[in-house]
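Undergrad: Chain by chain, the residues:
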Amino acid sequence: MDLENQRRVKELAEKTGAQNLIVVLGGAEAEASGLAAETVTAGDPAYAGSLAGVQLGLRVYHIFELKEYVDAQVYDDQVGLMEMVLDIDAIIAEVSNMRSMYSKY
Amino acid sequence: MFDGKKIIILGDRDGVPGPAIEECMKSADAQVVFSTTECFV
Numbered sequence: 001m002d003l004e005n006q007r008r009v010k011e012l013a014e015k016t017g018a019q020n021l022i023v024v025l026g027g028a029e030a031e032a033s034g035l036a037a038e039t040v041t042a043g044d045p046a047y048a049g050s051l052a053g054v055q056l057g058l059r060v061y062h063i064f065e066l067k068e069y070v071d072a073q074v075y076d077d078q079v080g081l082m083e084m085v086l087d088i089d090a091i092i093a094e095v096s097n098m099r100s101m102y103s104k105y
Numbered sequence: 001m002f003d004g005k006k007i008i009i010l011g012d013r014d015g016v017p018g019p020a021i022e023e024c025m026k027s028a029d030a031q032v033v034f035s036t037t038e039c040f041v
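Residue numbers (the numbering used here), protein chains in the order written: chain A, 1 to 105; chain B, 1 to 41.
Hints in this document: simulated from the structure, not taken from any laboratory.
A couple of the hints might just be wrong.
To be verified - Taking lysine-lysine and the DSSO-like style, the derived pairs with C-alpha atoms no more than 30 Å apart in a straight line are:
#, chain 1, residue 1, chain 2, residue 2
1, B, Lys5, A, Lys104
2, B, Lys5, A, Lys15
3, A, Lys10, B, Lys5
4, A, Lys10, A, Lys104
5, A, Lys10, B, Lys26
6, B, Lys26, A, Lys67
7, B, Lys26, A, Lys104
8, B, Lys5, A, Lys67
9, A, Lys104, B, Lys6
10, A, Lys15, B, Lys6
11, B, Lys6, A, Lys10
12, B, Lys26, A, Lys15
Claimed, not checked - Computed far set for chain A versus chain B, every beta-carbon distance over 10 Å:
#, residue
13, Asp89
14, Ala90
15, Ala93
Just so it is clear, CB atoms sit at the ideal spot from N, CA and C, and this is done for glycine as well.
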């Protein structure tokens, strides 16, 4: 995950409270989405950014997991195409696995 | 689901970009506090 974004996430967690934050990912494939989910829950696995060794335990979802909460027309317009071309089962499995292992909220 | 929560969006240039997720979150009455689009490659 981008180093500047790690800094922003850490700052927001400190300011807002980790229990009040939800991270929503838009990753195109399972591995990258899983790494981003791991970074905001268990800490940066690459030990490169502000979240290295920082276990925020944030709630994290991929947008594909939140379909039921989004207006159907908006979801179709904004996400529908990518839902058809990406491996959503693999992406959801990876992100939900990270969430169940490391999310504290 | 989103009551009282603040949303951080980490979009993907090759997947679902930040602004597209933002539109989805707005339709769900969620409060977005940070949105970006990364290039994960």
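Undergrad: Decide, hint by hint, whether the structure agrees.
TA: Consistency of the hints with the structure:
Straight-line distance between C-alpha atoms of Lys5 (chain B) and Lys104 (chain A) comes to about 15 Å, which keeps the hinted pair within the 30 Å bound. Restraint check for Lys5 (chain B) and Lys15 (chain A): satisfied, since their Cα atoms lie roughly 13 Å apart, inside the 30 Å limit. Distance check on the hinted pair: Lys10 (chain A) and Lys5 (chain B) sit about 16 Å apart at the alpha-carbon level, within 30 Å; holds. Distance hint between Lys10 (chain A) and Lys104 (chain A) is fulfilled; the C-alpha atoms sit about 15 Å from each other, no more than 30 Å.
At roughly 23 Å between alpha-carbon atoms, Lys10 (chain A) and Lys26 (chain B) fall within 30 Å of each other, so this suggested pair holds. For the hint pairing Lys26 (chain B) with Lys67 (chain A), the CA-to-CA distance comes to about 13 Å; that is within 30 Å, so the pair holds. Between Lys26 (chain B) and Lys104 (chain A) the alpha-carbon distance is near 25 Å, which keeps this suggested pair within the 30 Å criterion. With a C-alpha separation of about 17 Å, the suggested pairing of Lys5 (chain B) with Lys67 (chain A) holds against the 30 Å cut-off.
Taken as a hint, the Lys104 (chain A) and Lys6 (chain B) pair is honoured in the structure, with Cα atoms around 16 Å apart against an allowance of 30 Å. Our distance criterion of 30 Å between C-alpha atoms is met by Lys15 (chain A) and Lys6 (chain B), whose separation comes to about 11 Å. The straight-line distance between the Cα atoms of Lys6 (chain B) and Lys10 (chain A) is roughly 14 Å, inside the 30 Å bound, and the hint therefore holds. At most 30 Å may separate the alpha-carbon atoms for a hinted pair to count; Lys26 (chain B) and Lys15 (chain A) meet this at roughly 22 Å.
No Cβ of chain B comes within 10 Å of the Cβ of Asp89 (chain A); the nearest lies about 15 Å off, and the non-interface call holds. Here Ala90 (chain A) stays apart from chain B, with its beta-carbon at least about 13 Å from theirs, past the 10 Å limit. At the 10 Å boundary, the C-beta of Ala93 (chain A) stays outside the reach of chain B, the nearest C-beta of that chain being 16 Å off.
The earlier numbered hints are all upheld by this structure, with none contradicted.
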